[in-house]
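Trainee: Residue numbers (the working numbering), protein chains in the order written: chain A, 2 to 153; chain B, 2 to 153.
If you are wondering where the hints come from, they were derived from the structure by calculation, not from laboratory data.
Each hint should be verified, as a subset may be incorrect.
Unchecked claim - With a Cα cut of at most 30 Å, we get these calculated DSS-like pairs of lysine-lysine: (1) B:103 with A:131; (2) A:14 with B:64; (3) B:103 with B:74.
A quick note: this is a predicted structure, and the numbers were derived from the prediction, not measured.
Protein chains: 2
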Amino acid sequence: MMPFAFNAPSEDKSELEDAGDFTPRFDDRGLITAIVTDAHDGELLMVAHMNAKALALTIQTGKAHYFSRSRGKLWLKGETSGNIQTVKEIRTDCDQDAIWLKVEVAGHDATCHTGRRSCFYRTVSLEDGKPMLAIADDERQFDPHEVYGKQP
Amino acid sequence: MMPFAFNAPSEDKSELEDAGDFTPRFDDRGLITAIVTDAHDGELLMVAHMNAKALALTIQTGKAHYFSRSRGKLWLKGETSGNIQTVKEIRTDCDQDAIWLKVEVAGHDATCHTGRRSCFYRTVSLEDGKPMLAIADDERQFDPHEVYGKQP
């Protein structure tokens with residue numbers, strides 16, 4: 002599928018805040034932040050990045066596509082694990098530099114590559130003045146070694 | 002208050018995914034993405050950025066601090082509007098490059114500078130093949146002109 006191109010954002014802040022043209026503001030790396038929640042219960046599942054192509058393909062196909070900064074390439078979420086994200090609603094914020102996807106997750110109903118439902122499975126708190134992590138959710142929906150093999 | 006310093010993140014991906022030291026991974030601009038939801042009903046309120054100082058102060062004081070990329074400075078959310086965010090829980094994701102804050106919002110119970118509860122007040126959809134915005138929430142909790150005066 003040929004992804005469409007977005008119009009350039011207005012320089013006028015108040016125009017960016019209105020209804021009308023969706024003119025996403027990509028950063029100097031050409032990326033925009035995407036927040037992903039479960040369409041059913043609102044759980045925060047992941048945060049990722051999109052370039053213009055990934056965002057256009059997401060809107061056109063209804064399946065979440067991202068841009069992997071570490072691998073430097075476009076990525077259909079779930080192409081390996083089967084945990085495809087079907088987009089039920091897309092929102093953007095006041096200055097159009099972030100995207101919110103409400104999704105239904107197929108496959109194992111898991112989003113994190115560690116096998117957990119959400120990537121945000123740890124809490125941060127101060128212990129003896131030091132910032133420490135504790136695991137809040139350790140339930141695995143799938144075995145990452147089985148699904149990804151030797152891949153990270 | 003003197004903000005503490007974070008330890009450097011491990012090069013070992015599996016160490017980053019465990020419990021233990023919180024070692025946030027700031028990007029090449031020294032920033033990390035922060036996702037902010039309402040501690041009571043889970044509504045996505047805003048996305049912002051933090052430098053190490055903003056993140057340390059947020060953890061130490063329990064009040065959300067951010068780094069404004071447009072103004073190039075540290076920012077206590079609500080210092081002008083009164084809509085201070087009290088942090089009830091902090092989480093991080095699998096590779097420690099994003100932060101999730103669950104907050105209670107004081108003042109007008111509004112987060113967006115337009116006066117709305119959430120910055121994500123618009124939906125994105127295709128109309129005649131073009132990506133368009135529609136306003137899903139137009140309820141203002143405060144009058145931005147009254148609160149910010151001539152400031153944006």
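Trainee: Would you mind confirming whether the straight-line C-alpha gap from residue 103 (chain B) to residue 131 (chain A) stays at or under 30 Å?
Mentor: 20 Å, holds
Trainee: Check the hint pairing residue 14 (chain A) with residue 64 (chain B) against an upper bound of 30 Å on the C-alpha distance.
Mentor: 28 Å, holds
Trainee: Would the hint linking residue 103 (chain B) and residue 74 (chain B) be met if the CA-CA limit is 30 Å?
Mentor: Measuring from Cα to Cα gives roughly 23 Å; hence the hint holds.
In summary, the structure agrees with every hint in the numbered list given earlier.
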